[in-house]
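These protein sequence lines are chains L and V, in that order.
Each residue of the first sequence is one higher than the one before, starting from 1 at the first, in this note's numbering.
Each residue of the second sequence is one higher than the one before, starting from 1 at the first, in this note's numbering.
Read the hints as simulated data drawn from the structure, not as lab findings.
C-beta: ideal position from N, C-alpha, C; glycine also.
Keep in mind that the hints are not guaranteed to be accurate.
Claimed, not checked - Taking CB as the label site, the calculated pair distances span:
| hint | chain 1 | residue 1 | chain 2 | residue 2 | range |
| --- | --- | --- | --- | --- | --- |
| 1 | V | Q238 | L | R35 | 45 to 51 angstroms |
| 2 | V | F235 | L | R35 | 55 to 61 angstroms |
| 3 | L | S111 | V | D320 | 57 to 63 angstroms |
| 4 | V | F235 | L | E46 | 38 to 44 angstroms |
Said to hold, decoys possible - Residues from chain L shown here face chain V by an in silico Cβ test under 8 angstroms; the list is partial:
| hint | residue |
| --- | --- |
| 5 | L38 |
| 6 | A97 |
| 7 | P173 |
| 8 | F177 |
| 9 | S208 |
| 10 | E240 |
| 11 | A241 |
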Amino acid sequence: MAETIEALERRIDELRVAVREAVLAGDPALASARRAELKRAEQAWEDALAAATPKGTASRAGPGAPGPVQEAEPAGSLLPLREQVYEALSLLQVPAAPKLIATVHEAFFGSTFPTTRVTSLKRDEERSFRTAPFARPYYICAALSADYLSPSRGLLAVSTWPMERRVIGSLSPRVDFLTAAIRVADAIERIPTPPATARRLLQRFAASIPGAAEPLSTPDRVNPGVVRQAADAELSVHAEADSRMRKEVADRARRQLADAEQFFGARLQSVTDEGEGESLR
Amino acid sequence: MNSGPPPGPAPGPAEARLDRLRGRALPVNHNARTISALAANPGCARRALMDAAGVDKQKIAAHIGYPAPFGQSRFAITRGNAFEARVKENGAAQLLTLLRGHLGLDVTEVGYTDFNDVGGNPSRELRHARTRQGLTGRDRGPRTLFDHPLLRLRVGGRHAYLEPDLIALRLDGGFHVIEIKSFPVIDGQADPGSVAAAAIQSAVYVRALRDLIGESGGDQARVSHETILIAPRDFASQPVATSLDVRKQLGVLDRQLVRMTKIEALLDSCPQALTFDLDPDEDGTPRRPRAELAAAVALVPASYAPECLTTCELCFACRDEAAGSTGALGKSVREDLGGIEYNAQALALARGQLPSAEQAEIAALLLRAAQLREQLLGEVIG
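Chain L on its own, in the form it takes in the complex (with noise of 0.2 angstroms):
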């Protein structure tokens, strides 16, 4: 850092002050050059107050400080995308796409994300995967389809999870659905007082499950020991012949494929190859 931030703040003010001092004395090519200088040191400003959050001493940059007030952004922001995405994951314990994924963020710990960024992220954990193979803890990575064992189309996972859980059938979209919804319904009510977005969350998922929910409930009419019943018993239809067919492609899974393509899934050219799927005419 090369100035510290009650420099800068006092280098603003000088600034300002020569903007002013250019504007009223006619000669704007003095003062869009300070104003420029201005630009700079604001950004300095907040290059340095970034820095400085994590060791607590953002609150001494004082409630007078210019530019934009960076404390309305939520602490959770602060994390890696990865790891936001693996909290999430973690909460629901089903592979899910982006968009509830981040929905399942905003609810639970505060802060959400464009879905677009997790699109590259699952390029960038395979291509970490590929250079230095299991280097780290986890990696998001993605679902497997039944048929030709390829990435389930955005669905991502965490790499930790037993190859069951990571393998998508015909069956698994709304048993991980259902499982998602139970595991939102505990979440809430081990938190005291549910945030606004948890609860519309529940009623999200109650409302595509029979008898969850009485119809147009409101938000907060949702009773999260009902969602999970409810879920509960339609589950118990599902729930045996997908975890026989999910164990079945997880065993020919682990048999036909190398590691990273049982954790970033098969090209269809390696599966026809071997001869396990049937013929395609």
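Start from chain L and add chain V according to the hints.
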């Protein structure tokens, strides 16, 4: 009509002539929109011929100076995709709830299969093969919802690939085509034009699905003529399901498809040397003289109706050509003035010109109408 056109390309004199009509350009593929547009105006020889030959009507229209006035808005596409993604997210949770209520799906029917690609490979042939396998083959696990299957329909001797939003298969073996649209249903009412377009589009999918089931020896009646339209309710993005009976549209479509396979008759009425070739240079810029191409287009009779404005790329050219004819004023006017082809003729009869024998009846009506108008306006103005 169940058997449909014979499978496989049938090279013959008709094929060769259609190729000549198209010239050097690559054939334009049909999609559900263009097929439904065909069925919307079955009487138009110009459109039937150009579509059978796979002529790029958009380019022809632009070159003869009548560029097409439409194309789907980027915003409409984005809105449509966002709504569809929302309905299908989380294992199609919202959709399942709707269909459980609407179709009476059993609680066990939740299987969901994604046909958007095959093992990461988006090739159309692969996707179609897998769709065929998924919809007709030995079942690998319970399947209820088929997301974006790729169907195929033979149109004028060529395969057109079609991609319905969703197909639902009930436990009793019945298929339902599901179309997701983003126009709103407000108080149970939607824009009739949009609904009509969705219905004919769904009919195209039903036809293609029936062909697929039929080819594999299944019973075509398993594909229901009742399709389901999913659209946002009122002003929110909450979806609502509505049934559409597409039997009428299927009838029109089947007639039109059969007509396209009998394209020889249409070809025979055209000169042998007729072609819509644009004579493009290396950059694809057309070099054919405009007047010459326009004359070639004019050789094939069109049947313009105001509805063409929303479905056919050549609409402006045809409208210009049809100016002054009673048909250009719409179906109802043409039917009211049965037997009279031009507006000028109708006006002349109304002014008291002596009619020919077959026009006597309509001439009397026109005369009477003109008198009534005279009396009314005469009083007002006088």
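Requested in this report: Identify every previously stated hint that the structure contradicts and give their numbers, smallest first.
Outcome: Per hint list: 2, 5 and 10 violated.
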